[in-house]
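Residue numbers (my numbering), protein chains in the order written: chain A, 64 to 131; chain B, 1207 to 1480.
Read the hints as simulated data drawn from the structure, not as lab findings.
It should be emphasised that the depicted structure is a prediction, and the values quoted were computed from it without experimental measurement.
Ideal placement from N, C-alpha and C gives every residue a C-beta, glycine not left out.
Treat the hints with care, as some may be off.
Now the in silico label distances, taken between C-beta atoms and shown as ranges [as the list claims (entries may be wrong)]:
id, chain 1, residue 1, chain 2, residue 2, range
1, A, V129, B, K1475, 34 to 40 Å
2, B, K1459, A, P107, 34 to 40 Å
3, A, E128, B, S1366, 39 to 45 Å
From chain A, some residues computed to sit far from chain B (all C-beta separations above 12 Å) [to be verified]:
id, residue
4, D75
5, R81
6, G83
7, E96
8, V106
9, N109
10, R119
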Amino acid sequence: MKAKEKIRISIDENLCKRCGICSEFCSEKVFLELDNGMPQVTVPENCIVCHLCDWRCPDLAITLEVIS
Amino acid sequence: MSTNSYKNYLKEEHFPHIWCPGCGDGIVLHAYAIALAELGLAPKEVVTVTGIGCWGKSDDYVATHALHGTHGRALAYATGVKLGNPVLTVIALMGDGDAVTIGGNHFIHAARRNIDLTAVVINNFNYGMTGGQYSATTPLKSKTTTSPLGNAEPGFDICSLAEAAGANFVARTTPFHVVSLKNLLKEGIQKKGFSLIEVITPCPTYFGRYNINSSPVANMHWLKDKAVSVSRYQHMTDEDKLQHFAIGTFVNKDRPDFYTMYQQINDCKWEGGR
């Protein structure tokens, strides 16, 4: 199931503490963990808008917006 | 959908928060703000009461009324706030140290009286802020900084304690199960009478490092593997039960709360006000 809507996932680098939870648990592998531990959104078109990365981020650094 | 954003309930200017990478406190804070937003409670109608500890810092990040008390006494203060002004929604955010170790007596009596409060107890099995000492929920044989060879005491089961003391709503979840966490928070806040939501939370810095792994991801996997539904847990062998914990709702009843009983017995009425 793919999202029909356009989505925007933003990661606030000032808040992220590089725990790796978003990239580990994203079922659609939207994130890639860089060598410095920072997550990067690589395939946003795979996002199914489950919001789990956003809700499971311990640092409240991820914002997932649906742009209609 | 409602336009009431969870951001209205947070003081984002105070971020980044103090919690360690991978700590579950931030996830619970987020779920708490979402739950309040979805319930449509105005920040001025809610009082967040905290004690001391890592989770005791949470009142600094919420835009509701906040009362930061002494260690273990969050429920005592919350009881006073609720009885002083019953129109307020009073929620006590406590750690395992606050709720059942130092404040154990307040906890059982708040549940017994069935005061209309919601207690959100973050259980990370140790005193994180002061250096990872064992608490009353540290499981038997677990290692902490003050029990390096293993804890000689068994830990409290917070949900069983609340159930036996008479709470109206008792549930357990984890930050891994965020959707159920948010829903249980909403259910608990709406419930009249004493509600307990225990959140088994990873502490990668102390408890996790000594007993699981210091990686935040490994701690989340541990929660995922150890947590089973109440029905599945009931059918487990005793040996398996020791390796797992049940998540879900344990008690959901409607015993009249303290305030209702007090007014009825004393034939008085005080609705409170601002």
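Hint by hint, here is what the structure shows:
1. For the hinted restraint 34 to 40 Å between V129(A) and K1475(B), the CB-CB distance of approximately 48 Å leaves it violated.
2. Here the CB-CB span from K1459(B) to P107(A) is close to 46 Å, at odds with the stated 34 to 40 Å.
3. As the Cβ distance of E128(A) to S1366(B) is approximately 42 Å, the hint placing it in 39 to 45 Å holds.
4. The non-interface label for D75(A) is inconsistent with chain B: the shortest C-beta to C-beta separation is roughly 8 Å, within 12 Å.
5. A cut-off of 12 Å between C-beta atoms contradicts the statement that R81(A) is not in contact with chain B; the least separation is 6 Å.
6. Listed as a non-interface residue, G83(A) fails to keep its Cβ farther than 12 Å from every Cβ of chain B; the least gap is roughly 5 Å.
7. Some Cβ of chain B comes within 12 Å of the Cβ of E96(A); the nearest lies about 10 Å off, and the non-interface call is violated.
8. At the 12 Å boundary, the C-beta of V106(A) stays outside the reach of chain B, the nearest C-beta of that chain being 20 Å off.
9. Every CB of chain B lies more than 12 Å from the CB of N109(A), the least distance being 20 Å, so the non-interface label holds.
10. Listed as outside the interface, R119(A) is inconsistent with that label: its C-beta sits roughly 6 Å from the nearest C-beta of chain B, within the 12 Å cut-off.
Going through the hint list in order, the structure does not satisfy hints 1, 2, 4, 5, 6, 7, 10.
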